[in-house]
Amino acid sequence: MSALVANVLKLAFVGMLYLFLWQMARSIGTHLGADVDTSRKPRRRTGQLTIVRSDGQAGTRVTVSDSVVLGRSPDADVLLEDPYASMFHLRLTMDGDTMSLADLGTTNGTYVNGRRVTGPITLNPGDSVQVGKTIMEVK
Amino acid sequence: MSRNAEAALLVGAAILAALGTAIVTAAGGDRPDAQTALTFIIMLAAFGSLHLAFRQWAAEASPYLLPIAALLTAVGLVEIFRLDARAASLQRWWLLIAAGLGIAVLFLLKRLGIEALLRYRYLFLAGALILFLLPLLPSSWPLGGVEVNGSRLWLQLRVFDTTVVRFQPAELAKVLLVIFLASYLASRHRALSTMTRRLGPLSMPEPRQLFPLAAAWALSLVVLVYQRDLGASLLLLALFASMLYAASGRLSYPLVGAGLFVAGAVIAAQVFDHVQRRFDAWIRPWDDFADSGFQIAQSLFALGSGSLTGSGLGLGRPDFIPSATTDFVFSAVAEETGLAGSLAVVAAYALLVAVGFGIALRARDPYRKLLAAGLTAAIAIQAILIIGGVTRLLPLTGITLPFMSYGGSSLVANVIAIVILARLSHEIGNSASPSSLAVASQLRGKGNAK
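Chains as they are written, first to last, in the numbering used here: chain Z, 1 to 139; chain S, 1001 to 1450.
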């Protein structure tokens, strides 16, 4: 085998190693950089609330992308285990970076920072949202 | 990356193995023969069947695990073939066996669930301890230990005075131990991270919580002294310390663990000759070049003559290094593919470890997190110990390089570790569990789905 062929083969082998690694590293990079909870989905602007007080759901996180309806009904996007919540209680909407809340005309109402919500309202991080006995905090 | 991309990369790894084998054959002056085809077919069969099993029983599993394992196995097979064609053909058989066992483990995990591992944790602990101590059986028995190169690590099964199979039970014990530790620590991580006592400037948890660490230290010293195996002993202690760290988030555990080991090793070096010799060979390999420093010196020559792009496969002299197919396979690869090739190998391990810790981060409960972190740490620690050892960064410890070294037990154990990681990553995507966490993940899942 001539020295030239040997050199070409040598570099071909190492080159193929790196090609393989490059293919892997590229997609692993995006995979690891993604949000830990939504591992294989494209990153979207999302908002998050944490249930801070509740009979059974304390500590649960609610992730909002686009639009999410919370309520006591099993058909709601996010189920609230609270006897004072309506079947479809409120809607959270993401518009770009801002999250807004709308009460869906409920009997017991929704309270943001202690005030009853009348129309659509913009939520800021740290705001507290109360439905019946359940209190959520905006992240 | 999709399952199809995974399949394409697996074919790529098989082509790489075949290309390497062909280059080695050509460098010897022959035409590529059946060995090249056989390497290609067996790589494809082993990883292809694992891939199909993933599609069947872990469809959401991370698609990165298998290709990296295949790449490392391919490079290992090529270098083993270059050094010892007979060992390579044995290793190919082991690869098929490992794939078969991996598929069986995946099927069981799917049927019984990861929780099954939790339920029988003390069985796993007992199994691990027995496997660790099996090589101490008298070598005259049909199933007995053998001493190879001064370390008593091997178990051999003999029928009518012919050795049927040799196995390093510690490799499998390592996986069992991680399974036990993960379930043990998952139920105690709170107690381990609350520091209730103070000892001078150090705060420490309740002494009884420290019992496992003390037991680990004792076990690692027993292995060091009776089996004369510095590698397994270091691996054990590092594994305990890193899993305690993962469980408690307290840096003091690995620090204390390291301190304990150094203390133990210093004492062992005073009392036992073979430990002292190891340290001398590390610090001053040239003083006793012909004897204790020979291995490490040959390894350094190989690294040096490899230079940037290596001598070319089949064109170097890695056969000068003692046990080049097992512990020193990294030096052999470094000689023939140079710094470029050896850095690629290191990068592959780094990617594998990144993927493994990524799975641990995303896992949904402490047990799964610790299991993923522990299995990943085991692979990482082994790679660090032996690559560090052959480059004289660390004292040389006889330990296999995962996926690359010649050796059936190591290959089987590491494939099983990858399969468990795959199943863990599959479960991140699927949260149909009866546990109390189901509510939380259901809520989260629904919120995301919109």
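Treat the hints with care, as some may be off.
Examples of chain Z residues lying across from chain S (beta carbon under 10 Å, computed) [claimed, not checked]:
1. Lys10
2. Leu11
3. Leu17
4. Leu19
5. Phe20
6. Arg26
7. Gly109
8. Val112
9. Asn113
Facing chain Z, a subset of chain S residues (Cβ under 8 Å, in silico) [what the hints assert, rightly or not]:
10. Leu1016
11. Gly1020
12. Leu1125
13. Ala1344
14. Val1346
15. Ala1348
In case anyone wonders, no lab produced these hints; they're calculated from the structure.
Since the model is a prediction, treat every value here as computed from it, not as a measurement.
For each residue, glycine too, the CB sits at the ideal point set by N, CA and C.
Verification of the supplied hints:
Annotation: interface hint on lysine 10 of chain Z holds; nearest CB of chain S at approximately 4 Å, less than 10 Å. Using the Cβ-Cβ criterion of 10 Å, the hint placing leucine 11 of chain Z at the interface with chain S is satisfied: the shortest such distance is roughly 7 Å. Annotation: leucine 17 of chain Z was flagged as interfacial toward chain S, and the flag holds, the nearest CB pair being 4 Å apart, inside 10 Å. Given hint, leucine 19 of chain Z at the interface with chain S, holds; its Cβ is 8 Å from that chain's nearest Cβ, closer than 10 Å.
Evaluation of the phenylalanine 20 of chain Z hint against chain S yields a held restraint, the C-beta minimum of about 6 Å falling below 10 Å. Residue-level restraint check for arginine 26 of chain Z holds (minimum Cβ-Cβ distance to chain S is 9 Å; threshold 10 Å). Residue-level restraint check for glycine 109 of chain Z is violated (minimum Cβ-Cβ distance to chain S is 22 Å; threshold 10 Å). Violation of the interface hint for valine 112 of chain Z is found here, the shortest Cβ-Cβ separation to chain S being roughly 19 Å, above the 10 Å cut-off.
Because the beta carbon of asparagine 113 of chain Z sits about 22 Å from the nearest beta carbon in chain S, more than 10 Å, this interface hint is broken. A least Cβ separation of about 5 Å between leucine 1016 of chain S and chain Z falls short of the 8 Å threshold, and the interface hint therefore holds. For glycine 1020 of chain S, the interface hint holds, since its Cβ comes within 8 Å of a Cβ in chain Z; the closest pair sits about 6 Å apart. Nearest Cβ of chain Z to the Cβ of leucine 1125 of chain S: about 31 Å, over the 8 Å cut. The hint is violated.
For the restraint placing alanine 1344 of chain S at the interface with chain Z, the shortest Cβ-Cβ distance is roughly 4 Å, inside the 8 Å limit, so the hint holds. About 10 Å separates the beta-carbon of valine 1346 of chain S from the nearest beta-carbon of chain Z, more than 8 Å, and the hint is not met. For alanine 1348 of chain S, the shortest C-beta to C-beta distance to chain Z is roughly 6 Å, which falls under 8 Å, so the interface hint holds.
In summary, the structure is inconsistent with hints 7, 8, 9, 12 and 14 from the numbered list given earlier, while agreeing with the others.
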